[in-house]
Amino acid sequence: MKQKLEEIRAAVQGALAEAKDMDALEQIRIKYLGKKGELTAVLKGMGKLSKEERPVIGALANEIRSKLENAIDTKKAQLESALEELRLAAEVVDVTMPGKKKELGGLHPLTQVMNTIKDTFIGMGFEIAEGPEVELDYYNFEALNIPKNHPARDTQDTFYIDDDVVLRTQTSPMQIRVMEQTKPPIRVIAPGRVYRSDSVDATHSPVFHQIEGLVVDKGVTMADLKGTLETFIHELYGNDTKVRFRPHHFPFTEPSAEVDVSCFVCGGEGCSVCKGEGWIESLGCGMVHPKVLENCGIDPEVYSGFAFGLGLERIAMRKYDINDLRLFTENDLRFLKQF
Amino acid sequence: MKLPMSWLSDYMDAEGITPKEYADRLTMTGSKVEGVENLGSEIDKVVAGRVLTCEDHPDSDHLHVCTVDAGTGEELQIVCGAPNVKAGITVPVALHGSTLPGGVKIKKGKLRGVVSNGMICSHDELGISEGLLGYEPEYGILILPDDIKPGTDIKDVFGLNENIVEFEITSNRPDCFSIIGLARESALTFGREFSVPKPEFTEAQDNIADHLSVEVLDKDKCLRYCARMVKNVKIGPSPAWMRERLHACGVRSINNIVDITNYVLLEYGQPMHAFDLRDLEDNKIIVRRAADGEVIKTLDEQDRKLTNDDLVIADGKRAVAIAGVMGGFNSEVKDDTTTVIFESATFDAASVRLTAQRVGLRTEASSRYEKGLDYNNTVPAVERACQLVEQLCCGEVCSGMLDVVGNVKERITIPFRPDKINKFLGTDIDESEMLRYFKALGIEVDNMTLIPPTFRPDLEGEADIAEEVARFHGYDKIPTTLLSGEATCGGKTPEQKLADKIGELLCAQGMNEIYTMTFISPSNFDKIGLSADSPLRNTVKIKNPLGEDTSVMRTSTIPSMLDILSRNYNYRNASARLFEQGKIFLPKEGEKLPDEPVVVTLGMYGADEDFFTLKGVVEELLEQLHINNASFTAVKDNPTYHPGRAAKVTANGTELGIIGQIHPSVSKKYGIDVPCYAAELSFDALKAAIDYDIKYSPLPKFPAVTRDIAMLVDRETPVAEIEAVIRKSAGKLLEDIKLFDVYEGEQIPEGKKSVAYSAVFRAADRSLTGDEVQEVFDKVLKNLASELDAQLR
Numbered sequence: 078m079k080q081k082l083e084e085i086r087a088a089v090q091g092a093l094a095e096a097k098d099m100d101a102l103e104q105i106r107i108k109y110l111g112k113k114g115e116l117t118a119v120l121k122g123m124g125k126l127s128k129e130e131r132p133v134i135g136a137l138a139n140e141i142r143s144k145l146e147n148a149i150d151t152k153k154a155q156l157e158s159a160l161e162e163l164r165l166a167a168e169v170v171d172v173t174m175p176g177k178k179k180e181l182g183g184l185h186p187l188t189q190v191m192n193t194i195k196d197t198f199i200g201m202g203f204e205i206a207e208g209p210e211v212e213l214d215y216y217n218f219e220a221l222n223i224p225k226n227h228p229a230r231d232t233q234d235t236f237y238i239d240d241d242v243v244l245r246t247q248t249s250p251m252q253i254r255v256m257e258q259t260k261p262p263i264r265v266i267a268p269g270r271v272y273r274s275d276s277v278d279a280t281h282s283p284v285f286h287q288i289e290g291l292v293v294d295k296g297v298t299m300a301d302l303k304g305t306l307e308t309f310i311h312e313l314y315g316n317d318t319k320v321r322f323r324p325h326h327f328p329f330t331e332p333s334a335e336v337d338v339s340c341f342v343c344g345g346e347g348c349s350v351c352k353g354e355g356w357i358e359s360l361g362c363g364m365v366h367p368k369v370l371e372n373c374g375i376d377p378e379v380y381s382g383f384a385f386g387l388g389l390e391r392i393a394m395r396k397y398d399i400n401d402l403r404l405f406t407e408n409d410l411r412f413l414k415q416f
Numbered sequence: 190m191k192l193p194m195s196w197l198s199d200y201m202d203a204e205g206i207t208p209k210e211y212a213d214r215l216t217m218t219g220s221k222v223e224g225v226e227n228l229g230s231e232i233d234k235v236v237a238g239r240v241l242t243c244e245d246h247p248d249s250d251h252l253h254v255c256t257v258d259a260g261t262g263e264e265l266q267i268v269c270g271a272p273n274v275k276a277g278i279t280v281p282v283a284l285h286g287s288t289l290p291g292g293v294k295i296k297k298g299k300l301r302g303v304v305s306n307g308m309i310c311s312h313d314e315l316g317i318s319e320g321l322l323g324y325e326p327e328y329g330i331l332i333l334p335d336d337i338k339p340g341t342d343i344k345d346v347f348g349l350n351e352n353i354v355e356f357e358i359t360s361n362r363p364d365c366f367s368i369i370g371l372a373r374e375s376a377l378t379f380g381r382e383f384s385v386p387k388p389e390f391t392e393a394q395d396n397i398a399d400h401l402s403v404e405v406l407d408k409d410k411c412l413r414y415c416a417r418m419v420k421n422v423k424i425g426p427s428p429a430w431m432r433e434r435l436h437a438c439g440v441r442s443i444n445n446i447v448d449i450t451n452y453v454l455l456e457y458g459q460p461m462h463a464f465d466l467r468d469l470e471d472n473k474i475i476v477r478r479a480a481d482g483e484v485i486k487t488l489d490e491q492d493r494k495l496t497n498d499d500l501v502i503a504d505g506k507r508a509v510a511i512a513g514v515m516g517g518f519n520s521e522v523k524d525d526t527t528t529v530i531f532e533s534a535t536f537d538a539a540s541v542r543l544t545a546q547r548v549g550l551r552t553e554a555s556s557r558y559e560k561g562l563d564y565n566n567t568v569p570a571v572e573r574a575c576q577l578v579e580q581l582c583c584g585e586v587c588s589g590m591l592d593v594v595g596n597v598k599e600r601i602t603i604p605f606r607p608d609k610i611n612k613f614l615g616t617d618i619d620e621s622e623m624l625r626y627f628k629a630l631g632i633e634v635d636n637m638t639l640i641p642p643t644f645r646p647d648l649e650g651e652a653d654i655a656e657e658v659a660r661f662h663g664y665d666k667i668p669t670t671l672l673s674g675e676a677t678c679g680g681k682t683p684e685q686k687l688a689d690k691i692g693e694l695l696c697a698q699g700m701n702e703i704y705t706m707t708f709i710s711p712s713n714f715d716k717i718g719l720s721a722d723s724p725l726r727n728t729v730k731i732k733n734p735l736g737e738d739t740s741v742m743r744t745s746t747i748p749s750m751l752d753i754l755s756r757n758y759n760y761r762n763a764s765a766r767l768f769e770q771g772k773i774f775l776p777k778e779g780e781k782l783p784d785e786p787v788v789v790t791l792g793m794y795g796a797d798e799d800f801f802t803l804k805g806v807v808e809e810l811l812e813q814l815h816i817n818n819a820s821f822t823a824v825k826d827n828p829t830y831h832p833g834r835a836a837k838v839t840a841n842g843t844e845l846g847i848i849g850q851i852h853p854s855v856s857k858k859y860g861i862d863v864p865c866y867a868a869e870l871s872f873d874a875l876k877a878a879i880d881y882d883i884k885y886s887p888l889p890k891f892p893a894v895t896r897d898i899a900m901l902v903d904r905e906t907p908v909a910e911i912e913a914v915i916r917k918s919a920g921k922l923l924e925d926i927k928l929f930d931v932y933e934g935e936q937i938p939e940g941k942k943s944v945a946y947s948a949v950f951r952a953a954d955r956s957l958t959g960d961e962v963q964e965v966f967d968k969v970l971k972n973l974a975s976e977l978d979a980q981l982r
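Here the protein sequences come in this chain order: A and B.
Each residue of the first sequence is one higher than the one before, counting from 78 in the numbering used here.
Each residue of the second sequence is one higher than the one before, counting from 190 in the numbering used here.
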C-alpha cells in the first residue's frame with residue numbers, strides 16, 4: 078500500500094510537469110484527488126490494514142495528499158500568471174500617442190505678472206487698493222503738488238472729461254485716496270489702468286497699467302525705500318540683478334529717484350537694448366512730499382513715507398521678451414496660449 | 190540741453206575728466222546724461238592741403254589733375270571735378286584710407302586712367318553747415334583760409350573734436366538749462382573749483398537814459414526788465430569759436446548780434462532779445478498787457494492775435510514783442526542796424542506758459558520762462574552780452590542800464606536741522622559735509638537757517654534740502670534697510686480674492702482671459718442694436734479723444750468682446766473661449782464721477798459651442814462659487830441677443846446678468862459669420878449672491894432607488910417646469926433628478942416632445958421599500974399629467 082501511494086505521488090508529479098493549461102490541471106486533480114480518484118480509493122482501502130499499519134499509512138497518505146494539493150496549487154498559480162502575461166501583452170498601447178486632454182484656458186500675461194508683483198508685496202505686509210479710472214483733477218494733479226499750469230502737466234498728455242475730471246494719467250491719485258481714508262501705518266499697492274493721449278504703436282498705448290506703492294509711518298526713511306524696492310526687484314528679476322537709484326524729479330516726492338536695473342541682455346556691459354548704458358530705467362520713486370502729506374491731513378513733522386510707481390506692461394514685455402505692446406490688447410489666442 | 194565740454198572749462202577746472210566718467214557721475218548727482226556725441230567722430234584722416242598745380246585732365250572736359258601738399262611730406266596727385274579748384278588755394282583733402290560722414294571710405298584709385306590719391310572735399314561732403322562756416326560757400330570744393338597749415342586735421346579747423354554731452358533736465362531745474370548751471374553741478378560733483386567772473390567791458394560816454402525809457406505797467410507779470418544800449422553796431426558774421434559753440438548746441442548762427450543773444454541764452458540760461466532802436470517809436474519801452482484782439486507779427490512773420498491776459502513789450506505806439514515768447518517782426522535786428530537795445534528780463538512763469546499755449550508758440554525762451562527764471566540773472570546776462578560785443582568788436586556799449594524791478598517774491602528761509610535730514614534719509618552724514626554742499630550750491634547759511642539762492646526756486650523746504658544732501662553724498666551711499674515699525678498683515682480684499690477665483694474657475698473651463706480698451710466708438714451702440722433711447726447711450730465722453738473710435742468710455746463690454754472674437758475669427762482661430770473682468774462706466778446723476786462696476790464677460794464661438802456649452806460654463810461657475818438656486822428665464826427682447834436663445838440669470842431674486850447667442854445681425858456687423866455666444870454677469874451681483882455659509886451634509890448610509898420617467902409633453906413646455914412639478918410632488922424622498930433625453934420627430938405626435946428623467950430616491954434613516962417609492966412615483970405621474978398634461982410613455 079505504501080508502494081501504491083508512492084506510485085501515485087510519482088504519477089501526479091509527472092502529470093503536473095506535462096500539464097499545459099487549467100483544464101489539464103483539473104483533470105489531474107479529479108483523477109487522483111477527486112471523490113473517485115486514485116488516492117481517495119487508496120484511503121478507502123485503509124480498513125483492511127492492521128491496527129499497527131493503519132496510523133503509519135494514514136499519516137503518509139495525508140502527507141502525500143497535502144503535498145499533491147500544494148503542488149497543484151503552485152502549478153495553478155504558475156499557469157495563471159502565464160495567462161495574465163499573455164493577456165497584458167495583448168493590451169499594449171502606443172504610449173507616444175497623444176493624451177486625452179480637457180483643454181484649459183489661461184490668465185492674460187498681464188494678470189500673471191500682476192499676480193507675481195502682488196504676491197511679493199503682500200509678503201511684505203502690503204494691502205491692495207483699487208480706485209476709479211475716471212478721476213478728479215484734484216486727485217490726479219492738484220493734491221499731488223501739480224497745480225494747474227505746472228510744467229509737469231505737459232509731460233502727461235491728459236484726456237479730459239471736463240475741467241475738473243480726467244482719465245487718470247497715473248495711479249498716484251491712489252496715494253491721496255488711501256491717505257484720506259486710512260491712518261498710518263499705511264503699506265499699500267494700487268494697481269490699475271491709466272490713460273495718456275498717446276497714439277498706438279509698438280511701444281505706446283493710450284491705455285496701460287501702473288502699480289503705485291505707498292508706505293507712510295513714523296520714522297520711514299529713504300534707506301527703507303531703497304531696501305523695499307531692492308527686495309522687490311530681486312524677487313522679480315533674480316538676486317543677481319544690480320539696482321541703481323538715481324536722483325530725479327517728481328512733483329509729489331522729494332527726494333525723488335529713478336531706479337535702474339542692470340541690463341538683462343548684457344548684464345551691464347552695454348548693448349543695443351540698454352543703448353550702451355548697461356542700465357535699464359525701471360521705476361520711479363521718492364519720499365512722499367511734505368505738501369502731499371499735508372494735503373491729506375497727515376503731519377509731516379510726525380510721519381514720513383515713500384511712494385513708487387512702475388509700469389506693468391514694461392515688466393511683462395521684459396519678462397516674456399515681447400516687443401510689441403499691441404499684442405496685449407489684440408488678444409489673439411495664438412498669443413494668449415503661450416503663457 | 191547740450192553741453193560742449195570745452196565750454197565747461199570756462200567756469201570750472203575740467204582737466205582730465207573723460208566724457209564717460211563725466212556722464213556717469215553727473216547722472217548719479219541728478220543731471221541725467223542721455224548721451225555723449227562727438228561731432229567729428231565720423232571724419233577720419235581729412236586734412237588741410239594746398240593745391241600746388243592744377244591742370245586739365247587729358248581725357249575729360251571737366252576733371253582737373255592737381256598736385257597737393259597735404260603735409261604728408263610728398264606731393265599727392267589728386268583728380269578733382271570741382272569747377273572752383275585752382276592752384277594756390279587751401280582745401281580739405283580726404284587722404285587715402287580716410288572716412289567721411291555717412292561711412293564713406295576714400296581710397297586711392299584711377300579716374301579716367303589718371304591716378305588719384307584721395308579726394309578734395311566740399312563742405313557738404315564733410316557735413317559742415319553754412320552756419321558753422323559763417324559764410325555761404327561757393328559752388329564746388331570748400332576753400333579754407335590761406336593761413337591754415339597743410340596737414341592740419343580738418344576737425345581742429347572747425348572745432349569738430351568737441352565732445353557734446355546731452356542732458357535730460359527735469360522741469361524743476363531751470364538753472365540747469367545753462368552752461369553755468371551745469372558747470373556748478375559738475376564742479377560740486379567732482380569736488381572742483383567753480384567761479385563765474387563778473388563780465389567786464391568799457392562804456393562809451395553816451396548814456397542809454399538819453400535815448401530810451403523803460404516803463405513796466407504790470408509788475409506782477411514782469412518781474413524785472415533790464416535794457417542796455419550798443420551803438421555803432423557793425424552787423425556781420427560772428428567769429429569761428431562762437432559759431433562752433435552755437436553749432437555744437439544745435440543753434441544756427443545768424444549774425445554777430447543775434448549770435449551774442451543766443452550765446453548768452455545758452456551760457457547764462459537767460460533769454461535775451463535785441464531791438465533795433467530805430468524801430469522803437471517814441472524811444473519808449475512799455476511792458477504792458479495786450480489789448481484784447483491786439484495783433485502782432487512775430488519774427489516768424491506770422492500774425493498773432495493776443496488777449497488782455499498776454500503781456501507784451503511795446504514802444505510808444507505798438508507791441509514789439511510778446512513778452513517771453515517771441516520778438517516782433519517790426520523791430521528785429523537788420524543788416525543795416527546801427528543801434529541795438531539788449532533786453533534781459535524775467536516774467537511770471539505761468540503767464541508766459543499760458544500765452545505760449547494761447548498763441549501756439551513754444552520757443553527756446555518760453556520753455557525756459559515757464560519754468561521760472563531768476564530775476565537776479567538779468568543783470569549779469571546783459572553785461573555778458575556787452576562784454577561779448579566788445580570782444581567781437583561789433584559795436585560800442587553805451588553807459589548806464591535801465592533796470593525796473595517788479596513784484597518779486599520775498600526770499601524764503603528753511604530751518605537747518607542736520608539730525609532731521611539724517612533721520613529722514615536713514616544716513617549719518619556729517620554737518621560739515623552738508624555745509625560744504627550748501628556753499629557750493631549757493632545756499633546761504635545764517636546760523637541754523639538756510640537761504641536758497643534765487644536761481645533755485647525748487648528749494649522750498651527741508652525735504653528739498655535733504656535731496657541736495659542726498660544727491661551729492663550719493664544715493665548709492667544711502668544704506669538699504671527693511672521697513673520696521675508696526676507690522677501690517679497685508680493681503681487682498683474679499684473682492685480681489687473673488688476676482689482671482691472667478692479667473693481660475695473660468696480658466697479651468699477653457700476660457701482665456703483678455704484685456705480690452707475701455708474707451709470705444711459711440712457707433713458701437715448702433716452695431717449692438719441698442720434702441721435710440723437706451724440708457725447705455727448715456728456715456729462719459731472724452732473732450733479731447735485721439736479719435737472718434739476711442740471717444741467714449743464704454744457702458745457695455747459687449748462691443749469689446751465682439752471686437753476680440755472677430756479678430757480671432759479673422760485670424761482663422763477655429764474656436765475661441767474668452768473672458769474679461771473689466772469695468773464699464775455709468776454716469777451718475779448729480780455726481781462728478783461715474784460708477785465703475787466690473788462686468789464678467791464671456792464670449793465664445795466654434796463648432797462645438799452652442800447655447801448650452803455657454804450655459805454649462807456659467808452654471809459651473811455659479812456652482813463653484815456657491816451661488817445656489819440660479820435660474821434661467823428666456824429673454825426675447827434684448828436687441829443684442831438672439832430672440833430665441835437668450836436668458837436672464839437670477840439667483841434668489843437677484844439678477845446676475847444675461848447669457849445667450851449674439852443676434853446674428855449683430856455678430857455679422859462685427860464680421861463674424863458663425864454663431865457666437867456671450868454672457869454679461871455683474872461682478873457685484875455675483876458677490877452678493879454667494880452663500881458663504883457652507884455646512885457639511887452627512888454622507889448617505891442607506892441605499893438609493895432609481896426610477897426613470899419618460900413622458901410626452903407639449904413642445905413649448907420648458908423642462909424647468911417639468912422639473913418643478915417633479916420636485917414639488919416627490920417631496921423629501923427625491924434626492925436628485927437628471928434629464929437624460931429630449932426627443933422630437935418620428936413616432937412623436939406633432940407639437941409634442943418626449944422628455945425622459947432619471948429620478949433618485951433615498952431616505953436618510955432607512956432603506957426605502959418598493960411600495961414607498963411607488964407611492965411617491967405615482968403622485969409625481971399624477972401631477973405631471975394634471976398640471977402639464979404629460980402622457981407617460
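Hints in this document: simulated from the structure, not taken from any laboratory.
Careful, some of the hints might be misleading.
Claimed, not checked - Subject to a maximum C-alpha distance of 27 Å in a straight line, what follows is the list of computed DSS-like cross-link-like pairs (lysine-lysine):
#1 B:LYS968 <-> B:LYS917
#2 B:LYS209 <-> A:LYS319
#3 B:LYS804 <-> B:LYS825
#4 B:LYS494 <-> A:LYS225
#5 B:LYS690 <-> A:LYS414
#6 A:LYS225 <-> B:LYS609
#7 B:LYS781 <-> A:LYS260
#8 B:LYS730 <-> A:LYS225
#9 A:LYS179 <-> B:LYS804
#10 A:LYS225 <-> B:LYS804
#11 A:LYS396 <-> B:LYS690
#12 A:LYS295 <-> B:LYS609
#13 B:LYS612 <-> A:LYS319
#14 B:LYS927 <-> B:LYS890
#15 B:LYS473 <-> B:LYS423
#16 A:LYS179 <-> B:LYS927
#17 A:LYS260 <-> B:LYS612
#18 A:LYS178 <-> B:LYS221
#19 B:LYS825 <-> A:LYS179
#20 A:LYS368 <-> B:LYS781
#21 B:LYS494 <-> B:LYS473
#22 A:LYS396 <-> B:LYS686
#23 B:LYS686 <-> A:LYS414
#24 A:LYS319 <-> B:LYS837
#25 A:LYS368 <-> B:LYS612
Hints the structure violates: just list their numbers, smallest first. 6, 10, 18, 19, 24
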